Every structure is written in structure tokens, then in C-alpha cells.
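Line order of the protein sequences matches chains A and B. When you line the first sequence up against numbering that gives the first Met the number 0, it's residues 0 to 331, in that order. When you line the second sequence up against numbering that gives the first Met the number 0, it's residues 0 to 331, in that order.
Incorrect hints may appear among the rest.
Because identical chains share one entry, a pair is satisfied inside a single copy or across any pair of copies.
Unchecked claim - Here are the computed lysine to any residue pairs in the SDA-like style, where the Cα-Cα straight-line distance is at most 20 Å:
#1 K167 to E143
#2 K167 to E314
#3 K327 to L260
#4 K167 to I226
#5 K327 to D297
#6 K167 to G272
Rather than coming from a laboratory, the hints here were simulated on the basis of the structure. A quick note: this is a predicted structure, and the numbers were derived from the prediction, not measured.
2 protein chains.
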Amino acid sequence: MDRPLVAVVLAGGTGTRLYPATRSDRPKQFQPFGGERSMLAETVRRANFADEVYVLTRPAFAESVREHAPSAAVLTEPAPRDTGPALVYAAHRIREQVGECVLCCLPSDHRVDGDFQATVETACAVAARTGSLVTIGIEPTRAETGYGYVEPGADHGEYYEVESFTEKPDAETAQRYVESGYLWNSGTFAWTPTDFLAAASETELRSLVEALEAGNPERGFEDCPSISVDYAVLESAENVAVVPASYEWDDLGSWDAFERLLDADGEGNVALGEALAIDASDNVFASDGHVAAVGVEDLVIASFDDRTLVLPKSESQRVREVVERLRKEGQF
Amino acid sequence: MDRPLVAVVLAGGTGTRLYPATRSDRPKQFQPFGGERSMLAETVRRANFADEVYVLTRPAFAESVREHAPSAAVLTEPAPRDTGPALVYAAHRIREQVGECVLCCLPSDHRVDGDFQATVETACAVAARTGSLVTIGIEPTRAETGYGYVEPGADHGEYYEVESFTEKPDAETAQRYVESGYLWNSGTFAWTPTDFLAAASETELRSLVEALEAGNPERGFEDCPSISVDYAVLESAENVAVVPASYEWDDLGSWDAFERLLDADGEGNVALGEALAIDASDNVFASDGHVAAVGVEDLVIASFDDRTLVLPKSESQRVREVVERLRKEGQF
Numbered sequence: 000m001d002r003p004l005v006a007v008v009l010a011g012g013t014g015t016r017l018y019p020a021t022r023s024d025r026p027k028q029f030q031p032f033g034g035e036r037s038m039l040a041e042t043v044r045r046a047n048f049a050d051e052v053y054v055l056t057r058p059a060f061a062e063s064v065r066e067h068a069p070s071a072a073v074l075t076e077p078a079p080r081d082t083g084p085a086l087v088y089a090a091h092r093i094r095e096q097v098g099e100c101v102l103c104c105l106p107s108d109h110r111v112d113g114d115f116q117a118t119v120e121t122a123c124a125v126a127a128r129t130g131s132l133v134t135i136g137i138e139p140t141r142a143e144t145g146y147g148y149v150e151p152g153a154d155h156g157e158y159y160e161v162e163s164f165t166e167k168p169d170a171e172t173a174q175r176y177v178e179s180g181y182l183w184n185s186g187t188f189a190w191t192p193t194d195f196l197a198a199a200s201e202t203e204l205r206s207l208v209e210a211l212e213a214g215n216p217e218r219g220f221e222d223c224p225s226i227s228v229d230y231a232v233l234e235s236a237e238n239v240a241v242v243p244a245s246y247e248w249d250d251l252g253s254w255d256a257f258e259r260l261l262d263a264d265g266e267g268n269v270a271l272g273e274a275l276a277i278d279a280s281d282n283v284f285a286s287d288g289h290v291a292a293v294g295v296e297d298l299v300i301a302s303f304d305d306r307t308l309v310l311p312k313s314e315s316q317r318v319r320e321v322v323e324r325l326r327k328e329g330q331f
Numbered sequence: 000m001d002r003p004l005v006a007v008v009l010a011g012g013t014g015t016r017l018y019p020a021t022r023s024d025r026p027k028q029f030q031p032f033g034g035e036r037s038m039l040a041e042t043v044r045r046a047n048f049a050d051e052v053y054v055l056t057r058p059a060f061a062e063s064v065r066e067h068a069p070s071a072a073v074l075t076e077p078a079p080r081d082t083g084p085a086l087v088y089a090a091h092r093i094r095e096q097v098g099e100c101v102l103c104c105l106p107s108d109h110r111v112d113g114d115f116q117a118t119v120e121t122a123c124a125v126a127a128r129t130g131s132l133v134t135i136g137i138e139p140t141r142a143e144t145g146y147g148y149v150e151p152g153a154d155h156g157e158y159y160e161v162e163s164f165t166e167k168p169d170a171e172t173a174q175r176y177v178e179s180g181y182l183w184n185s186g187t188f189a190w191t192p193t194d195f196l197a198a199a200s201e202t203e204l205r206s207l208v209e210a211l212e213a214g215n216p217e218r219g220f221e222d223c224p225s226i227s228v229d230y231a232v233l234e235s236a237e238n239v240a241v242v243p244a245s246y247e248w249d250d251l252g253s254w255d256a257f258e259r260l261l262d263a264d265g266e267g268n269v270a271l272g273e274a275l276a277i278d279a280s281d282n283v284f285a286s287d288g289h290v291a292a293v294g295v296e297d298l299v300i301a302s303f304d305d306r307t308l309v310l311p312k313s314e315s316q317r318v319r320e321v322v323e324r325l326r327k328e329g330q331f
């Protein structure tokens, strides 16, 4: 490519769905979850083939980001507004600092295994050559209802045009998607700043783009909705492409993910941290201390710091309800 | 009575069945479990009608005992050997220090509600007058299989002669006992030192009694079995009496006890400490932090310090298996 490849790592969230490991003061990206380093450190390391690496975060996390990723440049968002506004801000600021380039935007809290670089370089080359907004798609290994699906259209070899996006389908629809060759939307994207800002200007993020161009990010963020880049830009944009990943991926989006990632004991229990299971089977244990379980099955038992959570593994997503209640009570 | 009433509070154990609240360095008697003071402090306060109060403990706990019960005299056992040897030691030492008296021996980790003094004074008077070994019996409120039962014999008004003791009957036998007027053996006893030591001399504790009388407690404890006073002395002694209690009692012997002692929410959950239940019913939560449970029922979820335990409420006794395993691994 005739332009620099710049990685933008998004590290402004807290990762509520792994409560109680994650809390307002214990964001997911700063924890290792069984890896050698924090997820943020792993992500920045994984992106080290880029010409530059930026981490976008909130001001309160900036110091921790510098500790976990000393080699990366740090950008701080004026306000937390989900990935749509965050990526508009990143595109604008990085074009100011680096000039025309191609951005690879990636979450700081996903697990990746395999040749990340090859896929990202392909995605960036496609973005630079075609002017598309490119998402990296994952070949589904199950009919997951918690993910977004990408329907591939015309096949261009390295990439497919995107026909449509669907967020969180029901089980039956998910099964049909898997059988029809849809891909999971991994939340890892490639585009040039100019193409992305042009697409964002056609959406409800237009006034944010204008405020940034007028040199007034604070005003831009003040009135800006909290909205994901998928909803805000990708679903309505023309010229969206998907590049299938050649690596394995997991978003560690809920506690049941660890069942896929950790080795089970003879009874089907997996443990992140120390655990003792007696007549207990098919549970997920996670703790920074020690969990003991007797005679229970198919549960998540997670205990970190002074907080404990127990729920059926199949209802792992319901941690959201817990976090919602705790937030209301100022306890998250 | 023409002799002093001396209370002996047994505070040498750890109370393993409330793990993880209780651990080797967190004995049960030093914790409040929802009360205003520690169980030991409550017990000593409850015994304040006695002429003297002694606390018998192990050397490692002596300092904590002085903090929790500054008004009590402290005796330390040469070695932990269960209640049989402990009560022989207490009888011997207190007779040396106080002279002939009547002892009321009571656990430091039971919950009592009602007129404790009246029952104990009756039990002590019966012991002094008849020379019997007296146990205080509790009228059963359920067919509990975890307790010892006392079969009452001849009725002497204030007390019954004891026909027999049975430890931990099966459910059917327990039901029959309850219907036949048997009493729970509460582990609270009254006797004179001389009567008790004479009875102990007829048992496998004879060599301990002799070593104490020879002024050599260390040697006595070295060869001494770990055995409860019920097994060692009461079950074989002649002249054993039971005085029915006029108070309510619970030994807080396992986590399911809290279901009887705490007020339930609308879904039948009880909580010792902070808890959040969503679509969860009939659970026992206990924590020094915060427990959240979603969609589970009939569980014990207990989390203290860095340890967590989850088991079905109906299997609360199986915490023993956990403690046994942790002990083997040096983690209790």
C-alpha cells in the first residue's frame, strides 16, 4: 500500500458482561482472563505490524492504558458515546496527525488465535483500493444468537460485498444464517478516514463530523447519541465489504465463553482460577480467590474481589440485569 | 445452691461447617453471624449470672478470646482433642482453682433465645443435688438427622433420667423420635467436677484423668484420643439426666440454619449480608461482600474473604467434604 496502516484499538468500555471480574473500576481490557498479559496488552502486541498503533480510551483509563501499552499513542474521547462517535473521533484525529492512511479499528477485549496480520492487511488493502468500509467476518462455529451476522453478496475473491447486517437473530434464524454462509461481524474494521467520515456524514453522526471539522469536539460530543458504528454507519452505508478471517476469534462476551476456551475436567467443569468441584459437572468457575462447588451443574460461579455471581450457564447474558440493578444502586 | 456455679465456655474449635465464613484462621465463635456481637461475646454475656465464667480455648485463640470476652477467665488446652478431653481438663483445672462447685459447660457458637438462666440454674441444681451428669435437652421442632437425640426415662419433675443417646439417626428414626418425645442433645451440660471426673475415670479418658491428677497434663493429652464428651462419657455413664430447655436454640451447624433464623424475601431467599436475587428463590445467601444470583433455587451461596462455596441447600452438610479436601491441600 502507498499509505500507512494505522491500528486504532478501542479501550474505552468496561465489559459489563463479565461482572464481577469487570466493574466500573475494573475494565475488562486491563485483565488477562487466562492469557499471559492483559487483553489490551495482547491486542496492541497483535497489532504491532501496523505503522502506528493508537489506543482510544476515556480520560479515566488513560494512565492504565499507558501502563499496559507503553508503545501505543493514546487518544482520549471527549465523552463515552459507544463505537460510532468513538470511531468518527479517531478517524478525524488520526487524519490530522498522520495524514491520509488506512485505519484498522479493533476492540481491545477479544481473543484472537492465528494469523491476524494477514487478514487485517487484506482488509486494509481492500479498503484502500475500493474505498469500501470493510468489516472482518468470522466463519460461524455455532448458531450464536448474541452476535451480529453479515450476509455476503458478490464474491470478489479477497472480499465479498455486504448484502445486509442482522444483530442478534433468534435461534432459528441464526441456524439458517449459519447454513447459508453468513459470517459473524467481529467488530474489527478497515477503512480510510476520508471514506469513513464521508459515510458518517450521511447519518445521524453528521453534526459530530461537522463539529470536529469546525475544531469543536466538545460541542460535537455533547449532542451526540450513544450508538454503535454498526447501527450508525455500516448498516446504512453503501460500499460495505467483508473479508473473511483466517484466524480463530472469541469476543469473551459472557462467562459461558470460557467453556469454549478452557480445558474441562473429567466432569465438564472449566475453571479460570482455583476451584474445587465435588459431584459437580459442566460448570464454569471463575475467581481471583477459590471457588468450591458441591452437587451443582450447568452453573456459572464467578467471584472476584468482594463480589460473587451465580447463574445458570445458559442464562449467562442475564448478567446485564444484575449490572443494571447495581448501576441503579450505585454499586457497579 | 451451697456451691458456686461456674460457667465453662468451649471456644477451641473452628466451626468447619460454615466454611468459607469459618476457616482455620476465622473461627466461628469470633464472628457475629447476624448478631450484634461475636457468638463468643454473646455466649459469655448470656452466662453472666454464673459466679465465674471460664473460656476454654486453644493457645492460638487465647488473645482473641480476651478481646471478645474480657470479663472471662481463660484456660488453654494443652492440645485440641474434642470435647471429651477438653471437659476433663476444665473440670480438673477449675476444681483446683475454685474448689468444689457445679459446672455449666456450654458451646460458644450456638444461638439461644429466651430464658437461658432459668434452665441452666435448674440443670445445675439437679446436678448438685443428685450427683448426675445433666444435659440440657431441646424439644425438637423438626425430624433433624444431624443432631443427637436423648431418650427420656423416669420423670422427676424438673428432669428426666436418660434412657439412651442416639447420634444422627436416619430420617425415619428421627421422625419416630420426635413423635415419641425424645429431646435434642444441645451440648450444654451441668455437673460437679468430682462427679464428672469420676465418670470419666470409668472410660478411655481414665489415663488423662490420672495424668492430670499426677500434675502432668502434657503427657495426658499426648496419648489422649480425640473424642466428644457424648461418646466418651455420657453414653456409658450411669446417672445421666436431662433437663428440658425453656429457651429456643439453634446450633448454626450448617448454612441451611439461616433459613430458620433470618426473614425471607418474597421469593423465600434469606441473606446474611448484601445480596441481589433476580428470578431466584429459596436460596441462602451469605457474604461479607455482595452476592448476586439469577435464576437459581434452593442453593447455598456463601462467599467470604477470597473463598466462595455453592451447594444445594439440602446438601448443606457436604461442606465437610470441601473442608476435608481443602485440609489435605493445606488450604483450609
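Against the structure, the hints:
no.	hint	in the structure
1	K167 to E143	within (8 Å within a copy, 50 Å between copies)
2	K167 to E314	within (15 Å within a copy, 39 Å between copies)
3	K327 to L260	neither (33 Å within a copy, 30 Å between copies)
4	K167 to I226	within (16 Å within a copy, 62 Å between copies)
5	K327 to D297	neither (29 Å within a copy, 27 Å between copies)
6	K167 to G272	neither (31 Å within a copy, 37 Å between copies)
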